[in-house]
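Q: Given next are the chains, with one letter for each unit.
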Amino acid sequence: MRTYLKLLNFELKRLVLPLAILMGITIVLQLYNAYSAGNRAVDYAHQMMKKEQLTSMKQYAEAHGYFSYANTFNNLSWLILSIFICVAFVGFYFVFIWYRDSLGRHPFMSRLLTLPSSRGCLYWAKLTAPLLVMLALLTLQQLLIPLGDAIYRSIVPSDAREDVPLQLLMTINPVLNIILTPRLIDFLLYYGTGITAVIVLYTGILLERSYRLYGVITGLIYAAVAIFMLIIPFIILQSDYRYWLMDNELTVFYFAVLALVSGVSIWFSHYLLARKISL
Amino acid sequence: MLRKYSVTFVLLAFIVVGIVMYATTGWKNNDRPNFRIITVEGDASAGNSIKINRSYRYTGSGNASTAITISQQNEPLFTDDRVHFQWFSGNGIKDRLGDTKQKRNFLADKKLYGRFVDEQTLLSYINTESVDRKWQTEVAVLNKKTGETYELNLSLSQDEDTSSWSSRDVHAVDDSNIIVFLERNYNTQQKSGISNSDMIRFDINLDELTVTKKTDLTSALPGHDNVTHQATVTSMNDTYMLVQDEIYSESINDAQADAENSDQSAIERNKVIHYYAYDIVNDKMLPLGIDDNGMKINSYMHNFVDNRLDHVTASEGVIYYSAYDLSGNGEALPGSWTVDTHAWGANTAYVVDHDDRTIQILYGNKSSSKPIYGIALVDIATGNVIYRGEVKTDGTEDEQAAKLRHLDIM
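Protein sequences appear in the order of chains R and L.
In this text, residue positions in the first sequence follow this note's numbering: the first is 2, and each later residue adds one.
In this text, residue positions in the second sequence follow this note's numbering: the first is 47, and each later residue adds one.
Just chain R, with the same shape it has in the complex:
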């Protein structure tokens, strides 16, 4: 356990700078998004008021409807761009975390693999570190929504503004609706699937590290089989066969498939890391 904590701390220290940069980019883009959306709304309202000789924002709202921060959550905007930048980095790092230690003349991985403890700790540290970074970014996202909303409200007058709950903002954005879904069962399904995908990816990477080219081919086949197993519940869901199972039975079946695929992949990864990996 201590070794795991040390390794986890080590991996997280490496991620501090990229995480800080990502957070900075996300904060700037999303708060700028709120600021620019508010100013655009007010500028547009002033233009129309001048054109139609309206004297107040109230008259504008009665004639043209209300502005809402919700509009930026529907369109392609800086907000969605910031989320995609974070997703792209985390996705990239899931692969990079193994290769950064394996490449070069004196790979650092050789020192990690010769640590006087189970190699499983290394695996778990490399799995959980990027996941914790992902959770930290989710926390930041939750903090930025009310901040952005407050900025928007400070710019657009209440006479021309339709305030909606922050939960609605999360619901109408298709990306936020998945990553911050309000339903716990959906949350477990989405993140369970994502974590399983990462575990299968790690197995593929370790196959490549162990068997090189043959490992790549084997890894691809392994990933295809794993994906097929995960798709089976979806195939059932889209056919009339879904009515042969109750909804909760289908959900339990899907979790069971996730657990099976994850369990086999983790066991296989541990085996490769302990016995087969080469540098």
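Calculated from the structure, these hints are not laboratory results.
Bear in mind that the values here come from a model prediction, so they are computed numbers and not experimental data.
The reader is advised that the hints may include incorrect statements.
[What the hints assert, rightly or not] Negatives, chain L to chain R, calculated, CB over 12 Å:
1. Glu175
2. Asn189
3. Val219
4. Ser241
5. Phe248
6. Ala266
7. Asn328
8. Met341
9. Glu362
10. Asp399
[Stated by the list, open to error] EDC-like, lysine to aspartate or glutamate: derived pairs with alpha carbons at most 16 Å apart:
11. Lys59/R <-> Glu445/L
12. Lys147/L <-> Glu194/L
13. Lys260/L <-> Asp244/L
14. Lys156/L <-> Asp241/R
15. Lys140/L <-> Asp164/L
16. Lys147/L <-> Asp248/R
17. Lys147/L <-> Glu250/R
18. Lys157/L <-> Asp241/R
19. Lys140/L <-> Asp241/R
20. Lys140/L <-> Asp248/R
21. Lys59/R <-> Asp444/L
22. Lys149/L <-> Asp248/R
23. Lys147/L <-> Asp241/R
[What the hints assert, rightly or not] So the derived list for chain L, only partly shown, Cβ under 10 Å to chain R, looks like this:
24. Lys140
25. Lys147
26. Glu445
Here a beta-carbon is modelled for each residue, glycine too, at the ideal position from N, C-alpha and C.
Please build the complex by placing chain L on the supplied structure of chain R, with the hints as guidance.
A: For chain L alone, kept in the frame of chain R given last:
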């Protein structure tokens, strides 16, 4: 240890904040704005079951709107008209009715657009469509007690003047017999698109899978000679069916045929509606003395209570109640009343709910300088207001008025 693993602990603490934020709902629903119901008349305790709830709707055109619902819901509603990926996107009726394995298996191959009726013992399904230019109705019934299923296809009349058939309702008489109600549309007018429609009743024995009786319920109703008429079912219980018979005068048919575009207001002006109570058990059609012709009705409600039909309409802010005798000649019973919501400052009112003893009315006036929204419970027997409450919020009078003006009653 804290210093050694400072990065890990700080990150974990940050994540715990995120978990707490995710789990709590207060900051996400952030009261916008705070609405509550204040009793203005009657017994405050009668309004205990009424909750005021915010409802938010977002449409694909980019508009967010806020409304309030006054009902017995406890959670805010978030409606998104677009479709995202959801684990169970749901097939509506099949998921709603399929609460047991037996019912789900029965529903598996049924078409979503069919008519499903779930009664005490039987779950019935009917679907009418044209197959190879022949109209037919698919009938399927599940006996929930025994698990037996019954299926048959009804071949329907293919007369030249028949333009279409559609399913209306299905009703279980007992475990072995059902009644299927279909609508036959015929003599469709080319320019106006209006057609005659009549209700046809099919009595079906499930054990023998045969039609034991076929009855045309409405084509022989008075006033149907040589005019366009449409008969529809507006409400039903185990014993009675309320039939609304719309008769279009010949003169409007000609005017409609000549008009380039549909003139709905002209159609409405020249349409006469008669009501009939159809006794399902005794196969008798009783004309009712309901006469709403000429009124601008924005909502209505019917309720069968024993041998009485309660008829409630809302028209231009006034609620009209009358009851009709189903065991006699269908005429109005004494005890009708009206409630004029203009006395409360409203200009719009809707009948939204009812039970055997009370009627629920929503009223409002958005155009006033001090908009009001309210709900009233009225005793059916006397027409007296049992409870009336109005929506209030925070802020000065002008701020309250501005917040209320943003809203619509749903």
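Q: State for each hint whether it applies.
A: Hints versus structure:
Every beta carbon of chain R lies more than 12 Å from that of glutamate 175/L, the smallest distance being close to 18 Å; the non-interface claim holds. Annotated as non-interface, asparagine 189/L keeps its C-beta farther than 12 Å from every C-beta of chain R; the closest such distance is 18 Å. Look at valine 219/L: its CB is around 28 Å from the nearest CB on chain R, clear of 12 Å, so calling it non-interface holds up. Annotated as non-interface, serine 241/L keeps its C-beta farther than 12 Å from every C-beta of chain R; the closest such distance is 35 Å.
A cut-off of 12 Å between C-beta atoms confirms that phenylalanine 248/L is not in contact with chain R; the least separation is 27 Å. Every Cβ of chain R is farther than 12 Å from the Cβ of alanine 266/L; the closest lies at roughly 43 Å, confirming the non-interface assignment. Distance to chain R confirms asparagine 328/L as a non-interface residue, since its nearest Cβ pair spans about 39 Å, more than 12 Å. No Cβ of chain R approaches the Cβ of methionine 341/L within 12 Å, the least distance being about 31 Å, so the stated non-interface status holds.
Look at glutamate 362/L: its CB is around 24 Å from the nearest CB on chain R, clear of 12 Å, so calling it non-interface holds up. Once the 12 Å rule is applied to beta carbons, aspartate 399/L is consistent with being away from chain R; the minimum gap is 26 Å. Straight-line distance between C-alpha atoms of lysine 59/R and glutamate 445/L comes to about 12 Å, which keeps the hinted pair within the 16 Å bound. Distance hint between lysine 147/L and glutamate 194/L is fulfilled; the C-alpha atoms sit about 14 Å from each other, no more than 16 Å.
Among the hinted pairs, lysine 260/L with aspartate 244/L is consistent with the structure: their alpha-carbon atoms are about 13 Å apart, no more than 16 Å. Taken as a hint, the lysine 156/L and aspartate 241/R pair is honoured in the structure, with Cα atoms around 9 Å apart against an allowance of 16 Å. For the suggested pair lysine 140/L and aspartate 164/L, the alpha carbons sit about 11 Å apart, so the restraint of at most 16 Å is met. For a cut-off of 16 Å, the pair hint linking lysine 147/L to aspartate 248/R stands: about 10 Å separates their Cα positions.
Restraint check for lysine 147/L and glutamate 250/R: satisfied, since their Cα atoms lie roughly 11 Å apart, inside the 16 Å limit. Of the pairs offered as hints, the one joining lysine 157/L and aspartate 241/R holds, with about 11 Å between alpha carbons and a cut-off of 16 Å not exceeded. Pair hint lysine 140/L plus aspartate 241/R holds up; C-alpha atoms about 11 Å apart against a cutoff of 16 Å. Between lysine 140/L and aspartate 248/R the alpha-carbon distance is near 11 Å, which keeps this suggested pair within the 16 Å criterion.
Of the pairs offered as hints, the one joining lysine 59/R and aspartate 444/L holds, with about 13 Å between alpha carbons and a cut-off of 16 Å not exceeded. With a C-alpha separation of about 13 Å, the suggested pair lysine 149/L and aspartate 248/R falls inside the 16 Å cut-off, and the hint holds. Restraint check for lysine 147/L and aspartate 241/R: the C-alpha separation of about 13 Å stays at or below 16 Å, so the hint holds. Below 10 Å, beta-carbon pairs count as interface contacts, and lysine 140/L has one with chain R at about 7 Å; its hint therefore holds.
Annotation: interface hint on lysine 147/L holds; nearest CB of chain R at approximately 6 Å, less than 10 Å. Among the interface hints, the one on glutamate 445/L holds; its C-beta lies about 9 Å from the nearest C-beta in chain R, closer than the 10 Å criterion.
In summary, the structure agrees with every hint in the numbered list given earlier.
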